[in-house]
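Engineer: Residue numbers (our numbering), protein chains in the order written: chain A, 99 to 386; chain B, -3 to 346.
Hints are computed from structural coordinates only; laboratory data are not their basis. Don't be surprised by glycine CBs; every beta carbon is placed ideally from N, CA and C. Accuracy of the hints is not assured; some may be wrong.
Sample of chain A residues lacking proximity to chain B, with all beta carbon distances greater than 12 Å (derived) [to be verified]: (1) Y153; (2) Q159; (3) I174; (4) V231.
Dumping the calculated DMTMM-like pairs for lysine to aspartate or glutamate here, alpha-carbon to alpha-carbon at most 20 Å [what the hints assert, rightly or not]: (5) K293/A with E91/B; (6) K71/B with D295/A; (7) K103/B with D279/A; (8) K380/A with E116/B; (9) K98/B with E244/A; (10) K98/B with D295/A; (11) K170/B with E91/B; (12) K65/B with D295/A; (13) K127/B with D279/A; (14) K71/B with E284/A.
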Amino acid sequence: MINSKNNFNITFYLLIFPVLIWLIFMIVIPHAELLVSSFLVEDDLGELVFSFGNYIEFFTQKIYWLTFVKTAAYSIAVTLLAFIVAFPIAFYLTKVTSRKNAGFLMVLLLIPLWVGELVTVYGWMVLLGDNGVINHFLMTIGIINEPINMLYTNFSMVVGLLYMSMLFMVIPVMSTLQSLDDSLIEAACDLGASKWDIFTRIIIPYSMPGITSGAIIVFMLVIGDYLAPNLLGGKNSLWFTEQIYNNFLQTFNWNEGAAFGFLLLMLSSGIIWLALKLSGQKLEKVGA
Amino acid sequence: MSNILEVKNLSKHFDDFTAVKNVNFTVEEGGFFSILGSSGCGKTTLLRIIAGFQQESEGDVIIRGQSMKGIPPEKRPVNIVFQNLALFPMMNVRENVAFGLKRQKLKKAAINAKVNEMLERVGLHGYENKKVTDLSGGQRQRVAIARSLVMNPSILLLDEPLGALDRKLREHMKVELKLLQKEIGTTFIYITHDQSEALVMSDKVAVMHDGQFEQIDTPRNLYKNPKTAFVAGFVGDTNRFELQSTAGDSMITQGGWTLQRPEHNNSAKELYIRPEALILNPANNLNDIVQFDVTIKTILFDGSNTKLSTMVNASNEELLISLPQNAQFDGIEEGHSLNIGVHLNDLKCF
């Protein structure tokens, strides 16, 4: 008995070891270092001293917190759009079409993930550009005379963000819808519920855990994304990640970059916390 | 009493088979009507057609004199209790029961009054705010019934709602359901594969086989006077013998047992005898009795349901006999030979 208990302990530590290594070296230490460096500012002598300067800089420079607010607002909007686009897809795949078709369509949905975000973003540039596929097509059939300016706008940025994140809403919603027994829908129908009632009172509340976890993933992906805002949004659509990037790699102000990174982390955590509170969902339930 | 439901020449065809074949029946107002059949006999399809979830291929469903053709389930005066109950897991007991009333846009006070009354009636007073996932099987059952009954339907359809319960609770719910039906007076149509449920609760039982009704009768008649071989074999325990020939007044079983024949039915292929129709050591002065000897193989003790597994001496065919649990038969043991009698009327030939 004693022996087997010891064996169990050794196995336990062996299994937990990689996780601990990962947590400490990849998450705790880098974040701690970022946190420390975000409170450091170079003084006149070029020496690093403790200061709130990086954070004060953020609140006094209008461009910074305007970008910050815009990033938050657009991320929320893209998350909502992702829900609107993904929910009918998830519903169709789980409840309407046959299992065989669903498998095939699922592969189609997954293909953009296989080629990576950069390629899909370039794909959208080809589609949306002034000389791109869409404008060319519309001009050929004579609906428009001049190309519509779609690329390098908020519109193209939202399209790109939506495209790369939507699937992460589809999958968790699908998994909750799969467990939704059709007899619940029939029961609601039997009790006199209209189609709208069934949707709002049965289907949406039932799939709320899936919607919430999908929303968290999409929101995190979007608010922390760099490629789509940078390549599709152009100069007019500043994203907060671009400010962080600029600090680290263009002005080489790593301390301010660290501070901005922390602000972004707090922003996304804060919004998710608020959204969970408002929707009455619990994080541990969402994860399950 | 008037008929609340009339089903006329109802058929349902699927691509490659027919689930319901030309079914006709009526249900009286306030009655408890059961449809009894093994799984796959088409009883669920029939129920779903009455509820409006499936379209009949031919025929008509008439409720209170009104044809239900083209009327969607939410507009029909029937409610259904689903096999798996289909309670809404994200709502508590009160919200589940109030769901239908809320769709009718009733005033909040009226809804609350009705919900409270119904919960009281099914014995769930005080459970209003419990989550349905925290309830026991029997309580969930009652929530499902309350949720349908609160809509005050003309007919309540029940799709094997006791199937998921354990045996003891099922016995208890059977009685409770019958009492509830008597008390509120709503017409129940109950489908089940469990003959005991159907016999105990119903005023009338329809035995369904292969998409057709074999017999519609009171439970007693169904048991005592089955009209077809299927009913004789399906309802209740019975002994079945295949007949190799019938000639004149006698018939011969497959094993070679020759015995007297009750009526001149020359085409009879099968003989059914209920275990409790067999008389142990019959008196010699009884009329119309067929007598024969058996040898006891084993005693299957099961309280008041104890049976003897015996062999007919004439043919070595097996025969189950009910053994009354009184002192008279205490001496019976394996290997003994017994004289058995059976009334001619209790020999059912088809």
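Engineer: Hint by hint, note whether the structure agrees.
Structural biologist: Now for the hints, and whether the structure bears them out:
| no. | hint | result |
| --- | --- | --- |
| 1 | Y153 | holds (42 Å) |
| 2 | Q159 | holds (46 Å) |
| 3 | I174 | holds (25 Å) |
| 4 | V231 | holds (44 Å) |
| 5 | K293/A with E91/B | holds (19 Å) |
| 6 | K71/B with D295/A | holds (15 Å) |
| 7 | K103/B with D279/A | violated (30 Å) |
| 8 | K380/A with E116/B | violated (33 Å) |
| 9 | K98/B with E244/A | violated (54 Å) |
| 10 | K98/B with D295/A | holds (10 Å) |
| 11 | K170/B with E91/B | violated (26 Å) |
| 12 | K65/B with D295/A | violated (24 Å) |
| 13 | K127/B with D279/A | holds (18 Å) |
| 14 | K71/B with E284/A | holds (13 Å) |
Hint compliance for this structure: hints 7, 8, 9, 11, 12 are broken, all remaining hints hold.
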